[in-house]
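Visitor: Assemble the complex: chain A is given as a structure, and chain B must be docked to it using the hints.
Below, each chain spelled out in residue letters.
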Amino acid sequence: MPANYIHRRKFLTLICAIISVAALSSLSAQDFKFPLAQDSVRFAVIGDMGTGDAPQYQTAQKLIDSRVAFPYDFVIMLGDNIYGGSKSKDFEQKFQVPYKPLLDAGVPFYACLGNHDNPNERLYKPFNMNGESYYTYKKGNVRFFVLDSNYMDPKQLAWLDSQLKSSTPSDWKICYFHHPLYSSGRFHGPATDVRQVLEPLLIKYGVNVVFSGHEHVYERVHPQHGIYYFTEGSSGELRPNNLNKTAITDKGFDTDRTFMLVEIAGANMYFQTLSRVGAVIDSGIIPKQPAAAQ
Amino acid sequence: MKKKLHRATILFLVAVVASGCGRSTPTLSPAQTGVSPEQQSADAAGFKEFSNRVDNYVKLHKSQEVLLPALKPTVSPEAINAHQRALSLKIREARPNAKLGDIFTPAAQKSFQDVIQSAMQGPRGANMDATLKQGAPLPQINVAINQPYPDGVPFTTVPPTLLQLVPKLPDEVVYRVVLHDLLLMDVKANLVVDVIPGIIP
Chain A
0 MPANYIHRRK
10 FLTLICAIIS
20 VAALSSLSAQ
30 DFKFPLAQDS
40 VRFAVIGDMG
50 TGDAPQYQTA
60 QKLIDSRVAF
70 PYDFVIMLGD
80 NIYGGSKSKD
90 FEQKFQVPYK
100 PLLDAGVPFY
110 ACLGNHDNPN
120 ERLYKPFNMN
130 GESYYTYKKG
140 NVRFFVLDSN
150 YMDPKQLAWL
160 DSQLKSSTPS
170 DWKICYFHHP
180 LYSSGRFHGP
190 ATDVRQVLEP
200 LLIKYGVNVV
210 FSGHEHVYER
220 VHPQHGIYYF
230 TEGSSGELRP
240 NNLNKTAITD
250 KGFDTDRTFM
260 LVEIAGANMY
270 FQTLSRVGAV
280 IDSGIIPKQP
290 AAAQ
Chain B
0 MKKKLHRATI
10 LFLVAVVASG
20 CGRSTPTLSP
30 AQTGVSPEQQ
40 SADAAGFKEF
50 SNRVDNYVKL
60 HKSQEVLLPA
70 LKPTVSPEAI
80 NAHQRALSLK
90 IREARPNAKL
100 GDIFTPAAQK
110 SFQDVIQSAM
120 QGPRGANMDA
130 TLKQGAPLPQ
140 INVAINQPYP
150 DGVPFTTVPP
160 TLLQLVPKLP
170 DEVVYRVVLH
180 DLLLMDVKAN
190 LVVDVIPGII
200 P
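Order-wise, the sequence lines are chains A and B. For the first sequence, numbering that gives the first Met the number 0 begins at 0 and goes up steadily by one. For the second sequence, numbering that gives the first Met the number 0 begins at 0 and goes up steadily by one.
The shape of chain A in the complex, shown without the other chains (with noise of 0.2 Å):
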């Protein structure tokens, strides 16, 4: 590959990052309003959720609710979707009940696998894993590529790298997997072996947005290499008062659950943050970030 082409790469990811961060940091929460508009990609992310605990099921309360305001179509989970085995009563008490009204609506899920999951739960159908612990659908103009970080082996890797390499270029690109990348968080840190691996493929084929659980908080880091990095880790498990603050953090909370929604029209990614009471958390815009070279 030649110098200068790596260096211009090297030179728009910085640019891209410069006006993605000044576009974030322009718009107040109060401001922030979901578009809604035709044709937009409309979900809501949640992670760690799977206690059948209280906080769950009021987290799972608010998810419903905000149903009303901000229909969201499908709902991503990021891991550590059943906590403590994995026998009929904790599906029921851990998924089915906590978000029944949106079984019932028809609002599909889609799971990755974290590390309190058993494998096998890639076979249960209303997780829409087909079978498989990695696996793409697209949404719109939205191309979701789902990865199981508790097993990055080659096999994986060569086809995520098969899988973007034949994606639309012009398509939004989302990756999600369980072990965040970049974390501020005490407990666990950051996934540095399987960033390793896998942020080349992220950065050659212009993933736009990361989601990963596993950190029991919320954080927005700044982007990194031009990829936005969220984790969502709070939305029934929480490790209160665990974030470390970094100088990658743009936005963190730790004391209470959260969930997110967001909306991709066009070529912006609006999403909030909002914890179980309903308070705002964290807003945005994102636009997306030029198509890479591949």
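Think of the hints as simulated: they come from the structure by calculation, not from any bench. Heads up, a few of these hints could be off.
In silico negatives: residues of chain B with every beta carbon more than 10 Å from chain A [what the hints assert, rightly or not]: (1) 36; (2) 55; (3) 77; (4) 91; (5) 104; (6) 180.
List of simulated lysine to aspartate or glutamate pairs, EDC-like, C-alpha gap at most 20 Å [to be verified]: (7) A:86 <-> B:77; (8) B:61 <-> A:131; (9) A:61 <-> A:262; (10) B:58 <-> B:101; (11) A:99 <-> B:77; (12) B:61 <-> B:101; (13) A:88 <-> B:150; (14) A:86 <-> B:150; (15) A:154 <-> B:171; (16) B:71 <-> A:131; (17) B:167 <-> A:262; (18) B:167 <-> A:152.
None of these values were measured; they are calculated from a predicted model. For each residue, glycine too, the CB sits at the ideal point set by N, CA and C.
Guide: Leaving out everything else, chain B in the frame of chain A:
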């Protein structure tokens, strides 16, 4: 120059031996592993033996799985668990005398030990160590050959850069780490196939 040629010949032989393992070809280079070419040659032979044993195990797995109704994605967790239990039972019955070292043979154990130790001491070692410790702290659990992985106990992420150095596996089995032990696990049956105790520093 002569030494370089000798090393190149050894590496070529390692690649040839490893390629005999089909899909199970570890990517080995002195820079990555820090072991001598001679040892790499021995390691490749150990890995080949391991891969052959894995292939035999997978044949057994498949021979038992076809005896059960095929499991497609289902809304019933009980159906998933029942299939897992039934497959586990059939495999256990099909290898009643399974014991430590059946798959991770002594030669294979030595190969894994060489690769893991040198990798953990190499430039990527700190990241691997951090990844191994990044999951939820595991309770002191007893893993035994031909027994299920305990329900509800979390998994440790196997460092991806380590997975690049050891033989690739067919879909039926994966590597797992429990504290200091390396496990070979049957994913669908949730069964511990073999273990190398104490190999992870």
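Visitor: Of the numbered hints stated earlier in the document, which are not met by this structure?
Guide: 3 and 17
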